[in-house]
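> Spelled out, the chains give:
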Amino acid sequence: MEVLIQTLVSGLLIGGIYALIGIGMSLIMGVMKIINLAHGQLMMVAMYITYVLFEALGLDPYFSLFIAMPCLFVLGALIQKFLLNPLLKVDSILPENQVLMTVGVGMVLTEVIRFIFHSDYKSVKTSYSSSAIYMGEISFNVPMVAAFGLALVLTAALFFFLLKTDLGKSVRATAQNTDAALLMGINAQWITVLTYGLGSALVAAAGTLLLPIYYLFPDIGGPFTLKAFVITMLGGMGSTVGAILGGIVLGIAESLGATYISMMLKDAVAMVIFLLVLIFLPGGLKTLTKV
Amino acid sequence: MKKTLGLLACLAAIVGLLAPGVSAQETIKVGIILPLTGAQAAFGEIEKNSFEMALEEINAAGGIKGKKLELIFEDDTGKPEVARSAAEKLINKDKVVMLGGGYGSSETFAIAGVAQQSRMPFLVNTGSADKITEQKWDYVFRLNPPASDYPGGLESFLTEVVKPKTAAILYEDSNFGTSSSQSFEETCERLGIKVLVKEGYSKGGVDFKPLLVKVKQANPDLIYMISYVMDAALLMNQSMELRLMPKLFVGGGAGFTMPEFQKNAGKAANMVFSATLWYQTLPYPGAKEYFDKYVKKHGKETEYHGAEAHAAAVVIADTLKRAKSLSPDDLRQALSETDVKTVFGPVKFTAYEKMTNQNKLPTYLVQWIDGKLELVWPKDVASKPYVFPIDWEKIWK
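Chains as they are written, first to last, in our numbering: chain A, 1 to 291; chain B, 1 to 397.
Where hints are given, some of them may not hold.
[To be verified] Derived lysine to aspartate or glutamate pairs resembling EDC-like cross-links, with alpha carbons at most 20 Å apart: (1) Lys300/B - Glu55/A; (2) Lys394/B - Glu111/A; (3) Lys163/B - Asp391/B; (4) Lys397/B - Glu137/A; (5) Lys125/A - Asp391/B; (6) Lys79/B - Glu55/A; (7) Lys214/B - Asp120/A; (8) Lys163/B - Asp138/B; (9) Lys300/B - Asp120/A; (10) Lys203/B - Asp267/A; (11) Lys324/B - Asp138/B; (12) Lys122/A - Glu45/B; (13) Lys79/B - Asp120/A; (14) Lys321/B - Glu52/B; (15) Lys93/B - Glu81/B; (16) Lys198/B - Asp267/A; (17) Lys214/B - Glu55/A; (18) Lys68/B - Asp94/B.
In short, the hints are calculated from the structure, not lab data.
Owing to the predicted nature of the structure, the values given are computational and were not obtained by experimental measurement.
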């Protein structure tokens, strides 16, 4: 029983971080109808920002959130404005050339970081990195719990923004129907820039929160892009609520797989769930909710 | 026209400048392939530094037959396919006379394949999966003990001191990890230790807790782990968090002896044992001097990987000195007749078990005691008495 509970707790906590990674991609997917294949790489850049702040100024990773998130917002907005939006005007062989551009952006980010920092592993070791609170025999890793809590706060803030503010409503309107939104006087181009920035800032938060418990190197982005993609699909493309569910389902599935099957097959377990959802719930988990 | 003439003049000038430089100093080139970037870069760095230190000493002592030795380093980035092309480049483009290096087992195996095919002598200094020297490849020589010998030093410690009844084995599903885990399982069988859990994992995991919680439930006396440095630190950190308390944790070399392991795992590294192949206080000529010189030069401690690299450079220089000519076959002949003392111990290539061209050396056990790596077994060479039994509650407080 203890084993099961500890496994579920670990899965849930890591699932919170996964949700934060996935939610940004879902947002971008919803508004622009493209998969952002530079998502993990943007997270990697945020992790390096946090790492540099920690090494140079001794800044705690949690304070770095206030620097890494705005930095990535600006970076994301610039990518959208100068690299992705101009592509809309160009006739191309493939309609998905924006997606191809994100692949390129991801590669450039990885190589630039590799050029600056080399590809050695770096880590941020804080005093609380391996501290834990105990409930009976079950341990809760403190940075993981903090990350989970902050993920909830950020998600709540995002929902407030999307549901209650004019700007948020414009984002949702653009996601529902770009042409109609344009007719209603919404500057759709500007909304895409804002959305990409927001998505980047959210994944930056995930990276910064992950750093005290993990390590980083330039190639860390790829596997997380894949995770974000799986979460977005699991959740139902473009659904933010679905992305939260998707993240948590993925985290728990990976944990259960590692405990009861084999840690070598952890990724395989996630992929099997992914396939099952695609087969039996083609609209993703969001079809189970009413949002 | 004027432009072309100008260009030609420039070219001529450059060629004129370069030409004397080429012929003035003739060197003997040896290619060294190491992971200088990528996941295994920490190991590559320690080995490259050691190769360079040995190279300085060799050239200061007059080089080889009046010529200077030159080491050409290539980066395998921790990927077998890159290692393969690096070996091909060194052989075909740089025209090296022999190859050295080889860190990861998968990369080393790839290089060894190329070396054997191209009939180019290759001295392995770290890649340790058994199969590298089990292929009857006559151009491939290995200076370090194979993975199956790593727990040799641990074995007598277990039978004489710990006497565990049960064990768990965790390993990275790489070439080295799989090979080491199999041989440790056989060791356990021989010693009558029951293996309760034997689990592999693929590198890059964030959360090892599901795996560790399973181990905790099995409650083994001994946990044996084969991991590279970052995973080693995560495993120990999360074991501490889960209050996983076996009688002892033992690392199977690789990540567990590195200074970076201690830096990342902090107090979770304390009292962890590891198999090792070398320690600076061992009675090998030059071992202590090499260690002190390394610390002085690089401000960091070195460990068995560095000693292997230093020894490899010495063996390469010795081979080149003794060889009748620099042809691959004469070099291979000279390499097979090697009998030299290095900081890593005596080097002599023999055939034993299924292996050929293999150097046989004893292995040891080290323990992290209050932030310092100490040699604790066998007793007669120990730098500090071992700490056992271990009170984890007190150490992890």
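> Sort out which numbered hints this structure fails and list those numbers smallest first.
Those not satisfied are hints 2, 5, 6, 7, 8, 17.
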